[in-house]
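Hey, can you work out the whole structure from these sequences and the hints?
There are 2 protein chains.
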Amino acid sequence: MSQTSPASPESLRIGWIGAGIMGSSMVGHLLRAGHSVRLHTRTRAKAEPLLAMGATWADSPAEASAGAHVVCSNVGLPAEVEEVYFGANGVLPRLQPGQLLVDFGTSPPSFARRLADAAVAKGADSVDAPVSGGDIGARNATLSIMVGGSDAAVARAMPVLSTLGKTIVHQGPAGSGQRTKIVNQILVAANTLGMCEALHFASRAGLDPQRVLDSVGGGAAASWSIQVLAPRVLKGDFDPGFIVEHLVKDLRIARSDAKELGELLPLVDLCLARYEALVDAGHGRKGTQGVYLLYRDR
Amino acid sequence: MSQTSPASPESLRIGWIGAGIMGSSMVGHLLRAGHSVRLHTRTRAKAEPLLAMGATWADSPAEASAGAHVVCSNVGLPAEVEEVYFGANGVLPRLQPGQLLVDFGTSPPSFARRLADAAVAKGADSVDAPVSGGDIGARNATLSIMVGGSDAAVARAMPVLSTLGKTIVHQGPAGSGQRTKIVNQILVAANTLGMCEALHFASRAGLDPQRVLDSVGGGAAASWSIQVLAPRVLKGDFDPGFIVEHLVKDLRIARSDAKELGELLPLVDLCLARYEALVDAGHGRKGTQGVYLLYRDR
Numbered sequence: 001m002s003q004t005s006p007a008s009p010e011s012l013r014i015g016w017i018g019a020g021i022m023g024s025s026m027v028g029h030l031l032r033a034g035h036s037v038r039l040h041t042r043t044r045a046k047a048e049p050l051l052a053m054g055a056t057w058a059d060s061p062a063e064a065s066a067g068a069h070v071v072c073s074n075v076g077l078p079a080e081v082e083e084v085y086f087g088a089n090g091v092l093p094r095l096q097p098g099q100l101l102v103d104f105g106t107s108p109p110s111f112a113r114r115l116a117d118a119a120v121a122k123g124a125d126s127v128d129a130p131v132s133g134g135d136i137g138a139r140n141a142t143l144s145i146m147v148g149g150s151d152a153a154v155a156r157a158m159p160v161l162s163t164l165g166k167t168i169v170h171q172g173p174a175g176s177g178q179r180t181k182i183v184n185q186i187l188v189a190a191n192t193l194g195m196c197e198a199l200h201f202a203s204r205a206g207l208d209p210q211r212v213l214d215s216v217g218g219g220a221a222a223s224w225s226i227q228v229l230a231p232r233v234l235k236g237d238f239d240p241g242f243i244v245e246h247l248v249k250d251l252r253i254a255r256s257d258a259k260e261l262g263e264l265l266p267l268v269d270l271c272l273a274r275y276e277a278l279v280d281a282g283h284g285r286k287g288t289q290g291v292y293l294l295y296r297d298r
Numbered sequence: 001m002s003q004t005s006p007a008s009p010e011s012l013r014i015g016w017i018g019a020g021i022m023g024s025s026m027v028g029h030l031l032r033a034g035h036s037v038r039l040h041t042r043t044r045a046k047a048e049p050l051l052a053m054g055a056t057w058a059d060s061p062a063e064a065s066a067g068a069h070v071v072c073s074n075v076g077l078p079a080e081v082e083e084v085y086f087g088a089n090g091v092l093p094r095l096q097p098g099q100l101l102v103d104f105g106t107s108p109p110s111f112a113r114r115l116a117d118a119a120v121a122k123g124a125d126s127v128d129a130p131v132s133g134g135d136i137g138a139r140n141a142t143l144s145i146m147v148g149g150s151d152a153a154v155a156r157a158m159p160v161l162s163t164l165g166k167t168i169v170h171q172g173p174a175g176s177g178q179r180t181k182i183v184n185q186i187l188v189a190a191n192t193l194g195m196c197e198a199l200h201f202a203s204r205a206g207l208d209p210q211r212v213l214d215s216v217g218g219g220a221a222a223s224w225s226i227q228v229l230a231p232r233v234l235k236g237d238f239d240p241g242f243i244v245e246h247l248v249k250d251l252r253i254a255r256s257d258a259k260e261l262g263e264l265l266p267l268v269d270l271c272l273a274r275y276e277a278l279v280d281a282g283h284g285r286k287g288t289q290g291v292y293l294l295y296r297d298r
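Top to bottom, those sequences are chains P and F. Under my numbering, the first residue of the first sequence carries the number 1, and numbering increases by one thereafter. Under my numbering, the first residue of the second sequence carries the number 1, and numbering increases by one thereafter.
Hints listed in this document are in silico derivations from the structure and should not be mistaken for laboratory results.
The list that follows gives simulated cross-link-like pairs (lysine-lysine, DSSO-like), each with its CA atoms no further than 30 Å apart:
hint: 1; chain 1: F; residue 1: Lys166; chain 2: F; residue 2: Lys249
hint: 2; chain 1: F; residue 1: Lys235; chain 2: P; residue 2: Lys259
hint: 3; chain 1: P; residue 1: Lys235; chain 2: F; residue 2: Lys166
hint: 4; chain 1: F; residue 1: Lys235; chain 2: P; residue 2: Lys166
Written out as structure tokens, the structure reads:
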């Protein structure tokens, strides 16, 4: 079908839904790579910088996806993703054969499987492609993209994926990208909570936390959380690279998926409890390094 | 005093107590750097390779330290360290003015302060210098050494420290090295428990854990635990770089020191409970990555 075959391998018609911190950087890369992007997001103001760069506006996910070769989404909460794809003005009701869906958000693995089944039933296809790397990774196109889907679907998604990320690994069938992302988020949560608990101890123990980082940043205690987020904590910078509410969502997905598998994840339970307490304390829109405030303000 | 002034800045008479995984590598570096080392360790068999390299044997900590410019220790449990320094055949009873003590082990900060006070009272001095970097760091002399003590004592210790480590940071007065090490161990425990919980989830979720590492090893989830210890877990290699019993000891020190400061460390509490359960399961002499077995064998 003409509307689903690219005019050239270099230029794709892309429908995109969502313009958060990560999504905005990602759409920017696609525009600069010469793709056309039709964009929908709940808050139009967030889209303006991308419209100024050449994206066109769509009033709904359905409109963004009409005629697109590839329909991408990067939206926040499960209810929103559900609405984007399965809502009355969503992507699925008007999905055409040959179209390809790519969900960059972090959704339950069961959702990814359901979306892939629904797409295949319409002669289309779907890939789950959650990302890691934070705001920096999105800005520099160095994201790690964890991909689930059929070989054919993943091959078709590659021109988009390779524009946005550096480490792109096909992990298995639909849902496998999401399950890999769960692994990633368990690590992120443990490393970040550990970093904040450790920095808090350093501070209360009368140490110079900056000098402590010189000691612990390069050895067996090293992590991305220590190297990237700890300096933000020391500057009192709790702005989001990745927001607390989204980590809470991801950890709930982790717990729920683990429960389906009959597994206990005690560290996930603790991290979730701490981050939920952080939301309760009014810090849900801060960056994940904000869990330091739970210790500081106790 | 002649027995405490080096013949040349390059060659020191060093007394050394302890020959565990880390200590053995460290003594090897000192011997190769041209220092003379008089060695005592509880199990003489562990000292044999170092005696073959030129170290001389001492029957007690007191004998190892007699005439030494610098007396170093790297032994395991608090009761052993207590005995090494304050026991009847320990270092302190016969400590001479001008001698310098360097404790490379991880001991309570309060012990480091008590040892420094006792040394100073005899005209000697003491430095707490716990290390991080594991077996690899000790072998390659790339350890991070976290140093507490007076400026003068730390300056005198530098020829020894710089032979053994790469990142050497003076953190503050006596005990500050130990408190920095607590920070380090909070991070190590959180990162390692997180790595094992995440790998276990990956395995039970039907993913290929090796391929998952390709996705999560280089981004926001990255850590030394993921990069160095996770591959060991996937090979079924639970041999110690750093043994579980020592991490349990260190986390108990962390909890106890935090309690003195009136602080709660919930992540430390969870890590300690998991690692204590691992000891109860008979895995106390395995490497810290062995906490994976608690999940696998549940």
